[in-house]
Every structure is written in C-alpha cells, then in structure tokens.
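Number of protein chains: 8
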Amino acid sequence: ARINIPEIIYGEYKTADQTMEMAEAFLSKHSQVLISRSSCHKEIINHFSGQYKIEETPNLLAIGERPPERGNVLVISAGAADHPVTAECALALKALGVKPHVFEDRGIAHPTRVLDAVIEGMKQNVSAVVVVAGMEGALAPFVSSLVPLPVIGVPTSVGYGFRAKEAALTSMLASCAPNLTVVNIDGGIRAAVVSGLIAKNQ
Amino acid sequence: ARINIPEIIYGEYKTADQTMEMAEAFLSKHSQVLISRSSCHKEIINHFSGQYKIEETPNLLAIGERPPERGNVLVISAGAADHPVTAECALALKALGVKPHVFEDRGIAHPTRVLDAVIEGMKQNVSAVVVVAGMEGALAPFVSSLVPLPVIGVPTSVGYGFRAKEAALTSMLASCAPNLTVVNIDGGIRAAVVSGLIAKNQ
Amino acid sequence: ARINIPEIIYGEYKTADQTMEMAEAFLSKHSQVLISRSSCHKEIINHFSGQYKIEETPNLLAIGERPPERGNVLVISAGAADHPVTAECALALKALGVKPHVFEDRGIAHPTRVLDAVIEGMKQNVSAVVVVAGMEGALAPFVSSLVPLPVIGVPTSVGYGFRAKEAALTSMLASCAPNLTVVNIDGGIRAAVVSGLIAKNQ
Amino acid sequence: ARINIPEIIYGEYKTADQTMEMAEAFLSKHSQVLISRSSCHKEIINHFSGQYKIEETPNLLAIGERPPERGNVLVISAGAADHPVTAECALALKALGVKPHVFEDRGIAHPTRVLDAVIEGMKQNVSAVVVVAGMEGALAPFVSSLVPLPVIGVPTSVGYGFRAKEAALTSMLASCAPNLTVVNIDGGIRAAVVSGLIAKNQ
Amino acid sequence: ARINIPEIIYGEYKTADQTMEMAEAFLSKHSQVLISRSSCHKEIINHFSGQYKIEETPNLLAIGERPPERGNVLVISAGAADHPVTAECALALKALGVKPHVFEDRGIAHPTRVLDAVIEGMKQNVSAVVVVAGMEGALAPFVSSLVPLPVIGVPTSVGYGFRAKEAALTSMLASCAPNLTVVNIDGGIRAAVVSGLIAKNQ
Amino acid sequence: ARINIPEIIYGEYKTADQTMEMAEAFLSKHSQVLISRSSCHKEIINHFSGQYKIEETPNLLAIGERPPERGNVLVISAGAADHPVTAECALALKALGVKPHVFEDRGIAHPTRVLDAVIEGMKQNVSAVVVVAGMEGALAPFVSSLVPLPVIGVPTSVGYGFRAKEAALTSMLASCAPNLTVVNIDGGIRAAVVSGLIAKNQ
Amino acid sequence: ARINIPEIIYGEYKTADQTMEMAEAFLSKHSQVLISRSSCHKEIINHFSGQYKIEETPNLLAIGERPPERGNVLVISAGAADHPVTAECALALKALGVKPHVFEDRGIAHPTRVLDAVIEGMKQNVSAVVVVAGMEGALAPFVSSLVPLPVIGVPTSVGYGFRAKEAALTSMLASCAPNLTVVNIDGGIRAAVVSGLIAKNQ
Amino acid sequence: ARINIPEIIYGEYKTADQTMEMAEAFLSKHSQVLISRSSCHKEIINHFSGQYKIEETPNLLAIGERPPERGNVLVISAGAADHPVTAECALALKALGVKPHVFEDRGIAHPTRVLDAVIEGMKQNVSAVVVVAGMEGALAPFVSSLVPLPVIGVPTSVGYGFRAKEAALTSMLASCAPNLTVVNIDGGIRAAVVSGLIAKNQ
Ligand SMILES: Nc1ncnc2c1ncn2[C@@H]1O[C@H](COP(=O)(O)O)[C@@H](O)[C@H]1O
Ligand SMILES: Nc1ncnc2c1ncn2[C@@H]1O[C@H](COP(=O)(O)O)[C@@H](O)[C@H]1O
Ligand SMILES: Nc1ncnc2c1ncn2[C@@H]1O[C@H](COP(=O)(O)O)[C@@H](O)[C@H]1O
Ligand SMILES: Nc1ncnc2c1ncn2[C@@H]1O[C@H](COP(=O)(O)O)[C@@H](O)[C@H]1O
Ligand SMILES: [Mg+2]
Ligand SMILES: [Mg+2]
Ligand SMILES: [Mg+2]
Ligand SMILES: [Mg+2]
Ligand SMILES: [Mg+2]
Ligand SMILES: [Mg+2]
Ligand SMILES: [Mg+2]
Ligand SMILES: [Mg+2]
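Chains as they are written, first to last, in this note's numbering: chain A, 1234 to 1435; chain B, 1234 to 1435; chain C, 1234 to 1435; chain D, 1234 to 1435; chain E, 1234 to 1435; chain F, 1234 to 1435; chain G, 1234 to 1435; chain H, 1234 to 1435.
Hints may contain errors.
Said to hold, decoys possible - If you only want the chain G side, here are some residues facing chain F, beta carbon under 7 Å, derived:
#1 L1348
#2 N1417
#3 I1418
Calculated directly from the structure, the hints in this document are not laboratory data.
No residue lacks a Cβ here, since even glycine has one placed at the ideal position from N, Cα and C.
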C-alpha cells in the first residue's frame, strides 16, 4: 500500500519461524522484503538463500530484487563504533534503489576530514545528507552548516557515562541548524527511508 | 553562505535593539530576514514597516522580499492549540518561496477529517508533509501511514500532566512509521526549512 | 476477600518452592489461582498438572477451575511483539470467567485492519476494550475515538531507542481521548481484571 | 459521533472567542457541551448564561441540558488540596447523567475515615470508584484493596519536593492492586468519562 | 572511630582477596565486621569460618562477636520479594546488638494483617519502626499513620514497568506522613543503623 | 490519634478561610496546631493573635500552647539560603517540646566551622542531628562521619543549574554514611518530627 | 583562607541587607569581594559606590581592588544569548587578575569565524580556553579539537524544546574531546576561577 | 595534530583487529598510542608486546615510548571500588609525561586521612588535583575547599540505588566549590589530559 517504501519486518521479539512466515507472505506479493533487528539471521539466510538474493548487515537483512537505481544520498558517520547503524542505513538505501555515498570515521575531532567528505559527496549530486553519530553528536550540526540540503541526523547509542545513550539525540534535537531533522536513536533504516524518498522523488 | 535558506535571527534572549541591528546588517546584504521567538515584535515592526514588507505570526517575523514561488508542502495540524507553531511553519515556508497547503484541527479523534486533508493535499502535488501535533502526537504516525512521502513531525508543547511537554516528541521518535522524521518541540521553522528544501529541490 | 477477583501470586523474585507453597495454600481455599511473571513454569506445571487444569502463557499460569462464563471484552493488539502481554490479558480474562475477543497485529500502519477489528468486536456485545501496544502506542487513542466504551490501554515495553520502554505509556497518558484509561507497562493482567470486572458486572 | 460521551472543548491555549464559537457550533447540534481548563470562565458564562443552564468548577464548565440520570459512581479524595480535580470529576459525571457520591478529605493518615467512605459509598450501589489523590497517592491502592469494583485513580499535582507532580502517578501505576487503572495527572474529566461509561452501561 | 556503629565493608566491586584483607585488618582491632553486597560469600565464609562466628543473608555477612543485646526495633515488610532487604536489615540490627521484631508479607492489600503486625510489634516496646516495601511503597505511609514513633522507610527495587526501581522511593519521599524518613533504595543496612542507634540510645 | 505529634495543617493550595476553619477545629480539641506552607500568614495571625500564642517562620505557623520541654536536637545548616527550612525545623522542634541547638552557615567550604558546631552541639547531650543543606549537600555525609547518632538530612531546593533542586537529595540518598537518613526536599518539618520523637522518647 | 581565589558571596536567596553585611565583613579583611546571582544590584552599588571601585555584569558584581594582572585566558562564546554568562566569566577573570580575551557570537554555524577567534586568541599566549555555549553546545568539542590546551566548557541554559536547559551540558560531558572539562550550567564564575588559576600559576 | 596530547583509540565497540590496525597506523607516525575501554587487552598485548613497551590497567593500554617527565598532579580517590578509574587516570598522566601522586581509599568518612593526602601531595609541588569518587562524590568539594589549585572531579559509576550511576556527577556539578571542574562519569583519561596539560605547561 505504501508506494515507494519496501516492506519492513521488525525482527526484534520475533522467532525465526514467525519472521520467515511473514517474509514469505510479503515475497509472494512483493519483489523484496527487509528484516530489521532480527537475532535469527542465520536461520533466515539458510532458508531463503537458494531462492533469493540476500544482503546482510549486523542490523538488517534485504531479501529479493531491488528496484532500478535512481537518486543519490550522502552518508557521513563519526566513528568506527557507529558502523552497524551506518551499514544498516546504506543497505536500506540500496534496497530503496538509491545510491548511498558513504564516508566513515569523520568525527568532529578532525574537521578537515569532515570537509573532504562533504566536498566529495556534493560532487555526486546528492539530494540529502544522513549524519550518523554517537557521543555528543556534534557532527550533525557541523555538517548541516556546510550543506544547502536537508540533513537527517541519526543519533547512535555509542558512548559511556552521563546519558550515554541519549546525548547525541539530545544534542541533535537542540541544535540551531535549521536544515537538520532527526530520527530515533540507532534509527538507520528510518533515515534511509526519509532520505531515499527525497532522492527518488527528485 | 547557506544557499537556499533565509537568514534567521533567534530572537529569544535578545533586546529589540540587538535584534534590529542584526536584522539591518542582514538586510543590507540579503533581500529577506526571519526573526523567530522574539518578544519585541512591536518595536521591530515599527522600525522596519515603512521600508520593507513584513509578515507576522506569534512566533515569527518575516521581513523583506520573498524568492519566486516553487514547490508545495502539505501542513496538517491536530488542534487549535497548535496554531502558533503551524502558522510559524507556514510563514517560514512562504519565506523560502514554497507554497504551504494548511489543514488545521485534524486531530486523530476524527479520522475522516484527517483523511480528507491528506487526499486534498495530495492533489496539490506536494513533495513533503509536515504534521504539527501536541498531546500524544498520534497524528504523525497516522498520517505517515497514509502518504508515500517524507513526513516531518513537529511535536508541540501543548498538553498537561505527565511529561506534558515531551509526550508528542517521545511518541513521534518511538513511532514505527519509517518515513517519519522529527524536529525539536515547537520547531515549526525547522520543519519548514527541511520540507521547503525538499520541495524546492524537486 | 476481594470478591470477583481471582487470587494472583506475583511470581517474580520467588523460588519455585515458595510459589508452589503459596499456590497450594490458595487452592485449598479457592477453586483457582493465577501465577504471574514466574520464571519457574516448568516446575510448577509438573507439580500441579495431574491434579488441576492448567493453562499457560509466557507471563501467566492459571491453575484450577474457572467460574462460569459471563460478559465479553474486546482485546486489540498492535503487533506480534506484543503477543506475550496480549496472551496474558486474554488468559486472565478467561480466568475471571469473561470471554475475550482477540485481534492481533492491528498496528496503526494499517488503519483499515484496525477498523475491521473494531467492527467485528462490537458485534460481540463487548462491555470494554483493551488495547495492547508498544512503540508510540498510537493505537490506543485511535481505537478510543472509534468506540463508545471504556478503553483500557496496556502500554508494552516493545521498542528501541529514546525512552523505548516508556513511549507507549507516555503517549497513552497524554492522549486527549476521554474514554481511555491506562495500566502499568506490560500490565496485561491488570487490564484483564479491570475490563473483566466491567464486563461481569454488566 | 462518540455516543454516550458529551462534546468536550479543551479550553487551554484558546481565546474566549475561539472557545465560544466552538461551543455555539456544538450547541447547535447537541444539547450540551463541556469546556475544560479554560481561563475565560467569566466571558463564557456571561455569553451563555441567559440562554443555557451553566454549572462551573475551577477547571470545568458544563453548558446545556443533561441526559436523564442513570448509574452511580463513588468518588473519594485524599485532601482539600485535591478539591478542584474532585469537583471537575463530579461535575463531568453529572454531565454524563451519572450520579457521583463524593467523599473528600479521606487521606490514608486516617484509615477509619477512608473505610467509612467506602462503606457508605458501597451502599449506593455504585459501579465504579474514582480515587483522587496527590502526594504519594497511597489512597488509591488502599481503596482498591477494599472494593470488588474497577477503580480509576486520578493522581493530582498536589505536593512539593521530589517529583512533586509525578509521585502520585508513579505510585498508582506501580501499585500491585489488580483492579486499579489510572488516568493522566489532574485528569478528573477522563476519570469521569471512564467511570461514567461503566455506570451507564450497567 | 564511629562509636556504636560496627565497621562495614562495601563488598561490591571488590575481589574476595581485597575484602578478606580489609576484614582481617578490622577484626584485628574490633570484635566484629560486616560485609555488604559482596559476591564472594563462599570464599569469605571458608576463610573465616573456623575462627569466627559468621551469620549470612543474601546481601550481608556478619563476622565476629556481637555486643550485648539492648533495645527493640519493629521491622515490617510488604512481600516475599522484599525478603533479601528485610533479612539484611534484621541481621544488621542484631550485629548492632538490637533485637529486631520482624513481620513479613504484610502488603497493603491486606490491611488487617498490617494492623496485626503493628499491634504485636508495639507490645515489644520498640523504639522505632522499619518498613521495607517495593512497588508503590504505600505500606510506609500507612504504617506511619498508625505509630507514634520514628519510621524508617526502605524502598526496594521490587516491581516492573514504569519507574519500577524508583516508585517506592518516590512515594515514600512524597508522603505526608510527618514521622516517616527514608534511606536509599534497597538500603536495609542503613535503616538498621539508624533505627538501631535510636533503640540503643534509649 | 497520633500521640506525640502535633496536628499539622498542610497550608499550600488552601484559602485563609479553609485553613482557619480547620485550625479552629483542631484547637477546640488540642492545645496546639501547626500550619505549614501557607500563603496566608497575615490573615491567620490576625485571626488568632488575641486568643493564642503564635510563632512564625517563613514556612510555618505554630499556634497555641507547647508541651513541656524534653530532649535536645542538634540542627546544622550549610548556608544562609537554607534559613527558611532551618527555621521551620527549629520551630517545629519547639512545638514538639524539644530544644533545638541551631548552627547556621556551616558549609563544607569551612570544615573547621563544621567541626566547631558538632563539638558544641555534642556538649548539649543531643539525641539526634538534623543537617539542612542545598547544592551538593555534602555537609550531610560529612557531619554523619563525625557523630555516633542518627542524622536526618534535609536536602533543600537551593542551587542552580543541573538538577538544581534535586542535587542535595540525590547526594544524601547515595551517601555511604550508614547513620544518615533523608526526608523530602525542603522537608524541615518532617526532620523535626522524626528527630523530635527520637529525642523525646529518650 | 583559599589563596588565589577571591571571596564570592552567593547572592541568590539573600536580601540586600544580608548580602551587604557579608560583603562588608569580607572587605574589612580582604581587598575585594565578588557577589554572584544577586537580585539587589542597585542597593548594593548605591551602598558601596562611594567607597570602592565596582564593576557589574548582569550576574556578577566585583567590589574593591584587583590584584596585579598576570596570565591570559581565551573566552569564546557561541551566541549573543550567552552574553550574561560570558560577561560574568570575563569579569571574574579580571577580578582574579587574569586578562580575558573574549570573542562572542562564534557559533558552529560559521566555522571560519570560530577558527579566526582561536587563531587570534592563541597569539595572546593564553594558558586555557573557556567555551560558553547553549543549545547543542557543539562549539566546545569543536574548539577543543583545535587547541593543545585545557578547555573549560560552560554550558548555558539558552535554548528551547527538548531538555532545553540541559542539552549543552549533556553534549559537553559526552564529548570525546580529551582536553575538555565542564562546569555547571551557567557557571561562568567557576570557569573563570579554574581557568584563572591555570593562567596565574603558569 | 593535537600537540601535547597522545593519540587515544576508543576501544569500546571495536574488534581486536580493528583496534590493532588503528594502533599500528598511529605507531608508524607517533612514538606512543593509548587504547581505552577495549575488551581485547589480551590479543593486543600479545600482538605488540615484543616490539613495544606496554603498560596496562583495567580500562587502558599504553603502548610505546613516553615523553620525558615534566610536572606533577595529585590524584586522590575515595574508595577501593574507584580503583580502575584511578589507575586509568594515573597511567594516562604517565603517558603524557606527567608524574601522578596517587592516594587511594580517602573517603570523606575519614576526614583526617583526606587531609593527610592533601598535605603530602601539596609538598610535591603539584599543579592540579584530580579527585576520583563515586556514591555521593562529596570528596570532591571537600578537597576543593582545601587547595588553591584547579581541581578536576571524576565522578565514578560506583554505588547502588537512586541514580546510582549519576549521584557523584550531580553532586560535583552542583557543588559551590569555585575551583572544581568536572569530566564525564568514569572519565579518568579526560581528567588526566586536562590536569596533565595544566602541569606540563607550567
Ligand atoms: N528498525 C525499525 N525501526 C522502526 N520501525 C520499524 C523497524 N523495522 C520495521 N519497522 C516498522 O514496523 C512495522 C512492522 O512491524 P511488524 O508488523 O511487527 O513486523 C512496519 O510499520 C515497519 O515499517
Ligand atoms: N481536560 C481534558 N483532558 C484531556 N482531553 C481533553 C480535555 N478537554 C478536552 N479534551 C479532548 O480534547 C479534544 C478537543 O480538542 P479541541 O478540538 O482542541 O477542543 C477532544 O478530543 C476532547 O475530548
Ligand atoms: N503481574 C502483576 N502485576 C501487578 N500486581 C500483581 C501481579 N501479579 C500479582 N500481583 C499482585 O501482587 C500481590 C501478590 O503479591 P505476593 O503476595 O507477593 O504474591 C497481589 O496483590 C496481586 O494482586
Ligand atoms: N509541609 C508538610 N510536608 C509534609 N506533610 C505535611 C506538611 N504539612 C502537613 N503535612 C501533612 O499533611 C496532612 C494534612 O493534610 P490536610 O488534611 O490537607 O491538611 C497531615 O498528614 C500532615 O501531617
Ligand atoms: Mg575516529
Ligand atoms: Mg479538535
Ligand atoms: Mg504489523
Ligand atoms: Mg486531611
Ligand atoms: Mg503478599
Ligand atoms: Mg556560607
Ligand atoms: Mg550567531
Ligand atoms: Mg574506604
């Protein structure tokens, strides 16, 4: 029913059997299904691997055929610890048929490395930017100040100490960057859907 | 420097004089300036009204010439109490040169009124949807399930009792709608900039 | 002493032996006992299975004879992940002698599926509605707007990210639906007792 | 549309004019309207007093004709400071056509005074109990242990110090009383609608 | 140095060796030492059991000779789940040389059982009352209203759902019982020291 | 009913008339009444001043005859800003018939001034110590380490910035001082009742 | 007693008379006194202005003679709204005898303006950097990445919406900048004392 | 690029291979690298131990050659449970080429032991003081009142019960000690870098 958005199964709390049954039901009607936050990757991959093309990141499985590629999104992440969320976002963009241009380990501690990523990305004619960052999340407002595009911030649960899991979210919401919008903590897939819709519709 | 985004002065905590001085500096270089959350509307309007076109909502002043109109955004709000934020969003969209299609008082208590607004809005060829809602903010995930577009939720500080000012934000962040992204509480202007950039670039 | 409410043992933090001793004491005086949130289902079932009728869900055991059936309650849940709480609620209703009419996987992402459940349920002459939902919990105010009955919302701890375990509770409390009341997070048994008393007394 | 529930205008954030316009619209189609949390009682009363029957409590106005009386609810409150919420609940019950039996100043500090209220109330053949209490809210679980009926707890914002406005809510949600359900802080009107629907349908 | 209070080693985060070394140092100078929240009971008991009298509860070890008995304290707890904290409090009282009079499983759901405990306890000429309770903690203000003595509330981390670990603390602090004072969550030992000092000095 | 504790009217949220009516009722049966947190001191003093002895502090009125003096309590406060709470505590002690020995402005910044107060106080044969402190509340654990007596900490709402109103409470609860117990923020009267009961019963 | 740190009176909650009496006592022994967060500037200035040199910012009064100047500190602030805290910090540095080099309105939205301030400041041979910033506080980690010096972050209470007053603090604490340390929200004076001691001792 | 600060790899969330690869890259350009919060100490030590000097504490690895020693810092910790953070701080200071003077188990319960540490430390000509403390963290303001130096407080996550992991942080931020600044919870390494830069630059 939701045009342009692939079917997504929320895998957490579900058994392998429940998940595979739902996935099969979707695949009988659609060419592709995504499974997020499942703890049963192995069983699911075994089950579908003969029949369908499967791609995997720690938090996401994409099963089936992708739509033809159209549109570009820039994805910048702060550190290696954010990789699972960054990879989830990139894979979900590909599943939407949008090309992600990914630059990792671009924390605000090295401003010139951030700039390089932005310049390189802008050359790819991207329609939106996704910033994945934990800890104080300062990368998101910094990047937002550099691009004339909608920025989707993905705060991650990376960090320790005071409000460790909420610091990046807090800081991205409180930011004065007017072109910065935010999704839930570790919400790589939501950032992909929003930025992907922007890029595809363009 | 930030192409496509009008200059915005954050008016809170500033005196009328500070604000007007900054506004004049911007207007000497740009054709337009926005002033948000100022408590000195009267003085500022008096000061600039002869010279410039001014438009006002409770939280926002737009001073100067707008860019030519290009692109459309659908704005749906839950209740009359959300009006100041809705109006701020609509005016900021106009200031960006984007046409807002506004439907107010469309709370989830009357699902058919929500549907009417979505159908009417989709006919206008909008590129994004802004949902303004307080209390439990359930309108945002509901609208998101109905449109194949990026949705920007603006939680408002309307409500009373438990986490009165944070309930809508919490609920929009926690939502399972994959095309829903969120800005800060009462952040009408940020929703306008993000949705406006989407609409203009299309 | 509490007429109309079966004896409930709070199983968490108790050993199998403590729990079974208490259960036996109750069963020597009453025809039925419920054991909630125990981690010793196996031992308890082994112990009582010859002697008593036992029914089990992940969070609840019902041991003994039920009262004659009287009254109907509609139970709607948002997703598969809410199943343990939904099942606890349904079993507790049965233990009270009330007939639950259960519709699962009726998230707000598919409004027509919600409507179907409400219409089907209303045909069963129900006296109250229980809504079980996690994440943003928007299902509860939505259902409340559709029925002229008391609605008991059960927020579940399903979700991730910001206030993952409290989002549904926050949103149900903040709701403007006047016929919606709330129990503790994952409180399926309390929703059953409240809705069951309503249905039985009718 | 919502059978059995009177129309309620949420008065906070609305001007007298907005409120009266909405009230008139409702009164042209329904025999009664409620206005909650308005700060414009005087203007509204002046406007409608010739034409309609009006009843007032600090947080609520009831304008128009009530339905015929049917059903009884017991309302117990902890202290004098809870009076505005207690009165709002009682008036809303009357507006629904349900008879409230109100006992105030029955804090847990005087258990025998609580017992007297419960005994006296039970004689009136009530179908539900509303408990209004601030501070630690211990009255709600105490009353719940004494009655074989659904209890609707209304935590009030009365108190000072640590989590002053949330202590009663926290304690009512965490309670192990299985027949206790809860509404938002100061939600007298919601408790009235829920308990009133229970009483009317019986 | 602290007269009247036995030496207490905080066992959490310490290895068995660190703990035993410290315990030996104290025992070379004092007749008794307490070890709280250690996860190395077995090693410690093995090490000292030949040489010293040892008493154990899940959260506390008392090693060495007690002072002569003097003074009485009433200890009432709400449920079986509170037992570890109740036992810790009782053992620490004995270590101080004070006699605890313990009544468990006296939740507010059964007011007469609470009354029995209070009446029985008051006959023992107690100088203070300790109330151990989790969930909504309503037992503490209820008992406080019944006794003309200082009451020390020990909120426990027993419960689930909203603010599960803090509900009893919140409610005891917010209480209007003027003779109720509070210690940290699960702080059985602190309640013992405070009530024990009261009883001993009398 | 509550032997040894004077009647206390909670004055907040009550009108002068309500308060005076309650006070008169109490005074017709008891020799004394306390009124806490009232905003109507003037009217109340005018009303009762001819007939009764009245003593006043910013947060408390004591009206009527005190019991004969018996017992001593040491009261130490950190700073001048804590004075209203300190004065409330001292007056309530006097109303109980207990002699307070008060030392103010003894913040931890001047450890020798703290020591002086403790030494001086201990000479008065006190049975308990009340410590009144805001900001980080470090005075309470420091004093607790110096006295072999029960200490009642009264965290005040003095301070600014992060958790300004809760810092002292947090720190007193978390303290490792075993003889330290805590009352609600600004709860001077509760500290007086608890410490007063200790002193009187001795 | 505290060498190198001027006496500071915490003015909040104190009357003009209390404050002036304390100030006079200090001035009779020391050459200078600071008064922070007082609401009685006018009376205090009137009282002392003939006799002493007085300097004023919205949150701070410095009365008396400064020590000879020694050492330099760089002070960078994000926006005009942070001015009161920035000015408090600068005045306190001067009172310590340290020279502040102040650059305001250097938000992260304009990275080159931040860089200019850092380069200009570093030329002044500063020993430490103070960063004053509200909202998301991203300026602090950004500056920290640019200087080989201790940085003291002062989060301000500037902002609106989610955790408006705590966002900058949260983000500065969570930051991965190893040379960044933090003081309380709006703690301009503490940043001055810490950075001033660093500069003076060098 | 960051002069005077050794390269630090944030080891949490990283595999041994990722970590070692990054460490090698740094060691090819710098003489030393630090690895914090890694869970792969064994593999990393095996890998580098032949080639480089390695020093280890539970939370930190220092690999390579240290700069020549210059400057002194006093490190005081409250209890044995704080040892891992204290050791991390001391090792990081050594890695910076600064000499730490460490005094452990100096809780506020024994004020004379605190004093001894301060006196002994001050003899070493230290330039700054680091205070490591959990629970109520009262040691930090106490030490701050005794030294005319910048103090860096490191709140630890040691404690249990109410806000167990945040109590020390809350209390250090709220403190009225003007020379006290704070780092994130368990942030031993940040305290080392800040105090080390102070000591080295002196
Ligand atoms: N990681 C995720 N975060 C948020 N929403 C999700 C996620 N994965 C799936 N969903 C949404 O959850 C719903 C599917 O839930 P279910 O029917 O339980 O599989 C759909 O609306 C999905 O778009
Ligand atoms: N005090 C109240 N608490 C909760 N909901 C309310 C209250 N007053 C009105 N409402 C609901 O708020 C909605 C009216 O919003 P509005 O259209 O802004 O007047 C209706 O759904 C009412 O049932
Ligand atoms: N899952 C549950 N949630 C809330 N209360 C419960 C639950 N299970 C049992 N109880 C209540 O807990 C009390 C039993 O406690 P206990 O005596 O410890 O078994 C009774 O009042 C029950 O009604
Ligand atoms: N400042 C106070 N803090 C806590 N409890 C109080 C206070 N003042 C009065 N009370 C208690 O509140 C109850 C009186 O409530 P009320 O009947 O509303 O006057 C009695 O139980 C008093 O002991
Ligand atoms: Mg990096
Ligand atoms: Mg409406
Ligand atoms: Mg579903
Ligand atoms: Mg009362
Ligand atoms: Mg029980
Ligand atoms: Mg002082
Ligand atoms: Mg600026
Ligand atoms: Mg120690």
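Each hint, compared with the structure:
A hinted interface residue such as L1348(G) counts as satisfied when its beta carbon comes closer than 7 Å to some beta carbon of chain F; here the least separation is about 30 Å, so the hint is violated. A distance limit of 7 Å between C-beta atoms decides the matter here; for N1417(G) the minimum to chain F is near 4 Å, and the interface restraint holds. Of the supplied interface hints, the one on I1418(G) holds, with its beta-carbon coming within about 4 Å of a beta-carbon of chain F, less than 7 Å.
Hint 1 from the list above is the single one not met by this structure.
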